Each structure stands twice: as structure tokens, then as C-alpha cells.
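Undergrad: Make a model of the complete structure from these sequences and hints.
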Amino acid sequence: MSLFRLVVTSFKRKTVEEGEILTTSGVAKQKKSDIEAMKVFTRRKVLNKSSAGALMSLPSTKPSSPSVLTGIPSPIHQSQPVSTTSMGPGLAQEPQAISEMTIANKSTLAIPSTSTHLENSRGFEKHTKTHNAELELEEHMRTHNAELEEHLRTYNAEIQEQMRTYNIELEPIRAHNEALKKHIRTFGKELRRHTKTYKAELENHMGTHNRASKEQMKTHNADISEQMRTQNVESKEHIRTYNAESREHMTSCNAEKTGEAGEILTTSGVAKQKKSDIEAMKESFYKEKSRDREKRAKIQVSLTE
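Numbering (the UniProt record's numbering), first residue to last: 1 to 305.
What the hints contain is simulated information worked out from the structure, not anything from laboratory work. It is possible that part of the hints are untrue.
Keeping only pairs whose Cα atoms sit at most 16 Å apart, straight-line, the calculated EDC-like set for lysine to aspartate or glutamate is [stated by the list, open to error]: (1) 282 with 226; (2) 275 with 245; (3) 236 with 288; (4) 289 with 226; (5) 129 with 190; (6) 282 with 223; (7) 295 with 245; (8) 236 with 201; (9) 289 with 245; (10) 236 with 203.
Between beta-carbon pairs, the in silico distance windows are [as the list claims (entries may be wrong)]: (11) 215 with 179: 49 to 57 Å; (12) 243 with 291: 48 to 56 Å; (13) 196 with 176: 28 to 36 Å; (14) 140 with 177: 48 to 56 Å.
It should be emphasised that the depicted structure is a prediction, and the values quoted were computed from it without experimental measurement. All C-beta atoms, glycine included, are put in the ideal place defined by N, C-alpha and C.
TA: Dropping the structure here:
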């Protein structure tokens, strides 16, 4: 039992040393399965070596020889003892003690049959094939990982080269965009300055125009007022002159009519005639005044526009 533990310990140490370069999770899982398989293989090997002394006297059978099936020498045909170079000093004598005990108790040792040995050999052959397939798969995975890393390096280099080329091609577009942004900022500043100047000029122009319009309206109103006063004075003077002439005419007419014999004319007809003339003069005066109002309204509308 101590020999088995020693062999397993040395195999574990060797397996760990070989497995230090495996970094991926898939390879780690593969290593674990290899360790389990090698445990089974070591256990069978120790059992075969423990019974090697008892089986050396048996005749060799060619069909059942593992060397014929697998090309690996069978423990039955190995006459050399188990190597103890990797064992510690305390366990170096155990194989010899086991051999002596086997020779001493040869008559009482249970010797496995040829069919059992053949079955073990076939199982070992199957395990060897499986282990070789696993090793080939591990080598294939290493090769695949190396190819994948090389492909990734090549792909990254191509992507970086494309990005450099793309950045070089984008440089004129970036420069154009910067120039366009600068032009937009300059144009916005000029537009705001122009708008401010235009508003100031418009306000100044409107103020000047309004002041001129007010001054013109004042002048026009003064002229209209002066014309109205002149027309009123003339109208009053005309009415007074007309009334004086009418009275004088009425006086002379009355004197003439009174002196004539048989006339029946009275002053009522002359008075009616004078009244109608006064109404006609008033109507003419009001018409003239309405025309002046219309003219003033038109002038005010034109100034407002």
C-alpha cells in the first residue's frame, strides 16, 4: 500500500510539473481526467508487478501476449525488479521484501489465470489507446490555440492598420468640419452685429420719420387753421356786405314801389329772395369746409403709411 502511495505521489508531482504550462480551462479539465486515468493505470501496474514473481514460471502464450496486441512489453515477460530510484530511503527495501515474501509463500499465492491476464492486457490496451487519443487531442488543442492566437494577432494588426488608414482618410473631413464650425461661428457673430446695427438704424430712421411727420402735421394743421380763419373772416365780411347791399336795395325798391301808383308789391317777396341767397351762401361755405376736412384726413393717412 505504501508503494502505491509513493508511485501515485511521484506521478502526481510529474503531472503537476508537466501541467504548469497549461493555462486554459479546457486543458485543465483534460489534465484532471489524465490524472484519474493514470491512477487506474498505476494501480493495475503495481498489482501486475506484485504478481510478477509468481507468473514468471508460467509458459508464454503468443496470442495473449500484450506485446503482440499493443507493442508494449508485458510485466509477465519482464524479469527485472521494480525501479526504486524515485522512492525515499525508507521505502527502498519494500519491493525486495515483497519479492522475498512472494517466493517464500509461492505455494500459497493465488496466481491469476491467463484469461484474467489477457483481460487486463486488453483493458490496458484500451486505456493506452484512450490515453493516446487524449494526448493527441491535447496536442491538437495546443496547435489550435496557437493557430487561433496567431490568427487573432494577424486580425488585430489588420484592424489597427485599417483604423490608421481610416483616420488618415478622415483627417480632411475633420479639417473641413472644423473650418465649417469656425465659419458658422464667424457668420453668427457677423449676423448678430449686422442685426444690431440694422435695428439701431431702423429705430433712428423711424424716430426721424416720426418727428418729421409730426412736424409736417403741425405745419399742415396750422395752414388749415389759418385758411379756415381767413375763410371765416371773408365769409363774415361777404355776409355783412351782402346784408348791407340787400338792405339798401330793399330801401330803394320800397321807395320806388311806394312812389308808383297802383302797385301792390310788398317787401315780403324781397325778404324771401334775400333769405334764399343767404341759405345758398351757407351751403357753399359748409361744402368748402367738408372738402378741407377730407383733404386733411387724406394727408394724415399718407403720413401714417
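Undergrad: Take the hints in turn and mark each one as holding or not.
TA: A quick look at each hint next to the structure:
{"no.": "1", "hint": "282 with 226", "verdict": "20 Å, violated"}
{"no.": "2", "hint": "275 with 245", "verdict": "13 Å, holds"}
{"no.": "3", "hint": "236 with 288", "verdict": "15 Å, holds"}
{"no.": "4", "hint": "289 with 226", "verdict": "13 Å, holds"}
{"no.": "5", "hint": "129 with 190", "verdict": "87 Å, violated"}
{"no.": "6", "hint": "282 with 223", "verdict": "23 Å, violated"}
{"no.": "7", "hint": "295 with 245", "verdict": "34 Å, violated"}
{"no.": "8", "hint": "236 with 201", "verdict": "52 Å, violated"}
{"no.": "9", "hint": "289 with 245", "verdict": "26 Å, violated"}
{"no.": "10", "hint": "236 with 203", "verdict": "48 Å, violated"}
{"no.": "11", "hint": "215 with 179: 49 to 57 Å", "verdict": "53 Å, holds"}
{"no.": "12", "hint": "243 with 291: 48 to 56 Å", "verdict": "26 Å, violated"}
{"no.": "13", "hint": "196 with 176: 28 to 36 Å", "verdict": "30 Å, holds"}
{"no.": "14", "hint": "140 with 177: 48 to 56 Å", "verdict": "52 Å, holds"}
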